[in-house]
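K.L.:
Quick note, the sequences are listed as chains A and B, same order.
If you're matching positions, the first sequence starts at 1 in the working numbering and goes up one per residue.
If you're matching positions, the second sequence starts at 115 in the working numbering and goes up one per residue.
Warning: the hint list may mix true and false statements.
Said to hold, decoys possible - Using 27 Å as the maximum straight-line C-alpha spacing, the simulated BS3-like pairs for lysine-lysine come out as follows:
1) B/Lys180 with B/Lys134
2) B/Lys155 with B/Lys134
3) B/Lys155 with A/Lys111
4) B/Lys180 with A/Lys111
5) A/Lys1 with A/Lys17
6) B/Lys134 with A/Lys57
7) A/Lys17 with A/Lys111
8) B/Lys180 with A/Lys71
9) B/Lys128 with A/Lys101
10) B/Lys155 with A/Lys71
11) A/Lys57 with A/Lys101
12) A/Lys71 with A/Lys1
13) B/Lys180 with B/Lys128
14) B/Lys180 with B/Lys169
15) A/Lys1 with B/Lys178
16) B/Lys155 with A/Lys1
17) A/Lys17 with B/Lys155
18) B/Lys128 with B/Lys155
19) B/Lys155 with B/Lys180
20) A/Lys17 with A/Lys101
21) B/Lys169 with B/Lys134
22) B/Lys180 with A/Lys101
What the hints assert, rightly or not - Computed spacing ranges between beta-carbons, pair by pair:
23) A/Asn18 with B/Glu136: 39 to 45 Å
24) B/Ile126 with A/Gly60: 34 to 40 Å
25) B/Gln143 with A/Ser46: 35 to 41 Å
26) A/Ser7 with B/Glu177: 22 to 28 Å
27) A/Gly16 with B/Ser197: 22 to 28 Å
28) A/Lys17 with B/Glu201: 39 to 45 Å
29) B/Ser197 with A/Ser7: 35 to 41 Å
30) B/Leu229 with A/Lys17: 41 to 47 Å
31) B/Met159 with A/Gly16: 34 to 40 Å
32) B/Ala186 with A/Thr56: 41 to 47 Å
33) B/Val117 with A/Asn95: 34 to 40 Å
What the hints contain is simulated information worked out from the structure, not anything from laboratory work.
Built from N, CA and C at the ideal position, the CB exists for glycine as well.
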Amino acid sequence: KNQVEQSPQSLIILEGKNCTLQCNYTVSPFSNLRWYKQDTGRGPVSLTIMTFSENTKSNGRYTATLDADTKQSSLHITASQLSDSASYICVVSANRGGGNKLTFGTGTQLKVEL
Amino acid sequence: GAVVSQHPSWVICKSGTSVKIECRSLDFQATTMFWYRQFPKQSLMLMATSNEGSKATYEQGVEKDKFLINHASLTLSTLTVTSAHPEDSSFYICSASGGGWVEQFFGPGTRLTVL
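So here's chain B without its partners, still in its complex pose (with noise of 0.2 Å):
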């Protein structure tokens, strides 16, 4: 399978203090990457989905100017957290598909501790 990577693993701010968070596709072409939060003992919850080259779609309740959605290039994709407050605090997984590949590969997650 495809592998896909996340940077940092983990990462604690202050509040009112932007965190940017990066996903690559490491050994094929993404030409979508997808972001996702999960709360504790929850499931993965879609935010948005970028296709490279053009602006992000955000799903319904995900507020696009506090979550940056940046895919400029086919293996990276960059979600920036501005302004992070405390109930920020969440695991953020992204994925991505592409080059042949039908189905989505995960990253290995971020954690965001907003103190």
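With the rest of the complex left out, here is chain A (with noise of 0.2 Å):
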């Protein structure tokens, strides 16, 4: 069964400090990995799209990592901000005939306090 796993579920974090999210996942055959910023009562916004080739891939900020063999990615925010509260979902695309089949993880809910 496809599955994508966060860790932690949720995080508080001073503005300014960097934080780290994981995210494992059981999804074949492996297309891509994205990470999205949901805020709250709103759609999720990409954050970073990677292939299977790609081991890092930044976006300002926002840097995320993959590791094909291991199944694992992070997403590393520095400087944090108060507008980087929100939850931030991890999403892997299988390969399926006709198309790609996403599979979302739970998210991480991220907090940035003053």
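Dock the two chains into a complex; use the hints.
P.N.:
Written out as structure tokens, the structure is:
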């Protein structure tokens, strides 16, 4: 069964600090892995998308890593800001006949405080 | 990236009534649209996939007669919740792909509350 597990479930950090969110998956055949940011009451917004051959990808203060051998990914946020408070969702895409099927993690709820 | 909108952003209705939610791709032609439901503190759950001009494919456990999906054009899909009940209260999110884009772009979501 395709699954995506994220840790921690929730996290509170002080503004300006860094943090790393984890994602483990058992999805096959693997197509790509995406990290989304979802503000409360809003739809998910894409941060990064990584294919099998990519180890790291950055988008501003967000850096995602991917280890396709161990089926793990991380999202590192540097110099956190209050606006980073949101749910971060790891989504893995499986290559299926006729299209890609997405498997969503349950998300890490990040709260950045003063 | 491409832009997807939803309307309305929130709706409150009485039990037994029907509610229609619109999903539009604003700057690309969406050959495929997806409808998700998200309960508080849970992940998005795919309800159905619709391709323009054809019937939607529903996920296991989703009642197709209760959640009517229409994808009549390349820029518009609608989800109608028929005979809504309080347990249908949820956050409904659509996404769209197509027009050369591989990934799905998500709409801002619609909060449905059934009294």
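K.L.:
Are the hints correct? Go through all of them and say.
P.N.:
A quick look at each hint next to the structure:
A hinted pair counts as satisfied when its Cα atoms are at most 27 Å apart, and B/Lys180 with B/Lys134 qualifies at roughly 12 Å. Taken as a hint, the B/Lys155 and B/Lys134 pair is honoured in the structure, with Cα atoms around 24 Å apart against an allowance of 27 Å. Proximity of B/Lys155 to A/Lys111 is assessed by CA-CA distance (about 14 Å); at most 27 Å being required, the pair is judged to hold. Proposed proximity of B/Lys180 and A/Lys111 is contradicted: the alpha carbons are some 37 Å apart, above 27 Å.
The hinted pair formed by A/Lys1 and A/Lys17 fails the criterion: a straight-line CA distance of about 36 Å is larger than 27 Å. Between B/Lys134 and A/Lys57 the CA atoms are separated by roughly 39 Å; this puts the pair beyond 27 Å, and the hint is violated. The straight-line distance between the Cα atoms of A/Lys17 and A/Lys111 is roughly 12 Å, inside the 27 Å bound, and the hint therefore holds. Distance check on the hinted pair: B/Lys180 and A/Lys71 sit about 38 Å apart at the alpha-carbon level, beyond 27 Å; violated.
Distance hint between B/Lys128 and A/Lys101 is unfulfilled; the C-alpha atoms sit about 34 Å from each other, more than 27 Å. Annotation: proposed proximity of B/Lys155 to A/Lys71 holds, straight-line Cα distance about 25 Å (limit 27 Å). A hinted pair counts as satisfied when its Cα atoms are at most 27 Å apart, and A/Lys57 with A/Lys101 qualifies at roughly 22 Å. With a C-alpha separation of about 14 Å, the suggested pair A/Lys71 and A/Lys1 falls inside the 27 Å cut-off, and the hint holds.
A C-alpha spacing of about 16 Å is found between B/Lys180 and B/Lys128, which places the hinted pair at or below 27 Å, so the restraint holds. At most 27 Å may separate the alpha-carbon atoms for a hinted pair to count; B/Lys180 and B/Lys169 meet this at roughly 15 Å. For a cut-off of 27 Å, the pair hint linking A/Lys1 to B/Lys178 stands: about 24 Å separates their Cα positions. Taking the CA atoms of B/Lys155 and A/Lys1, the gap is about 22 Å. The hint holds against a cut of 27 Å.
Taking the CA atoms of A/Lys17 and B/Lys155, the gap is near 25 Å; set against the 27 Å cutoff, the hint holds. A distance of roughly 24 Å separates the Cα atoms of B/Lys128 and B/Lys155; the hinted pair therefore holds under the 27 Å criterion. At roughly 24 Å between alpha-carbon atoms, B/Lys155 and B/Lys180 fall within 27 Å of each other, so this suggested pair holds. Using a Cα cut-off of 27 Å, the hinted pair A/Lys17 and A/Lys101 is violated, with the two alpha carbons roughly 35 Å apart.
The straight-line distance between the Cα atoms of B/Lys169 and B/Lys134 is roughly 17 Å, inside the 27 Å bound, and the hint therefore holds. Distance hint between B/Lys180 and A/Lys101 is fulfilled; the C-alpha atoms sit about 23 Å from each other, no more than 27 Å. In this structure the supplied range 39 to 45 Å holds for A/Asn18 paired with B/Glu136, their Cβ-Cβ distance being about 40 Å. Remark: the range hint 34 to 40 Å for B/Ile126 to A/Gly60 is upheld by a beta-carbon distance near 37 Å.
Distance hint check for B/Gln143 and A/Ser46: the Cβ-Cβ separation is about 19 Å, which falls outside the suggested range of 35 to 41 Å. Here the CB-CB span from A/Ser7 to B/Glu177 is close to 34 Å, at odds with the stated 22 to 28 Å. Our hint of 22 to 28 Å for A/Gly16 and B/Ser197 is violated, since their Cβ atoms are close to 51 Å apart. Taken as a hint, the range 39 to 45 Å holds for the pair A/Lys17 and B/Glu201, whose Cβ atoms sit roughly 40 Å apart.
Hint check: B/Ser197 to A/Ser7, Cβ distance near 40 Å, so the stated range 35 to 41 Å holds. Between B/Leu229 and A/Lys17 the CB atoms are about 43 Å apart, so this pair conforms to the stated range of 41 to 47 Å. Checked against the given bound of 34 to 40 Å, the beta carbons of B/Met159 and A/Gly16, roughly 36 Å apart, stay inside it. As the Cβ distance of B/Ala186 to A/Thr56 is approximately 42 Å, the hint placing it in 41 to 47 Å holds.
Between B/Val117 and A/Asn95 the CB atoms are about 26 Å apart, so this pair departs from the stated range of 34 to 40 Å.
In terms of the numbered hints stated before, the structure departs from hints 4, 5, 6, 8, 9, 20, 25, 26, 27, 33, listed from lowest to highest.
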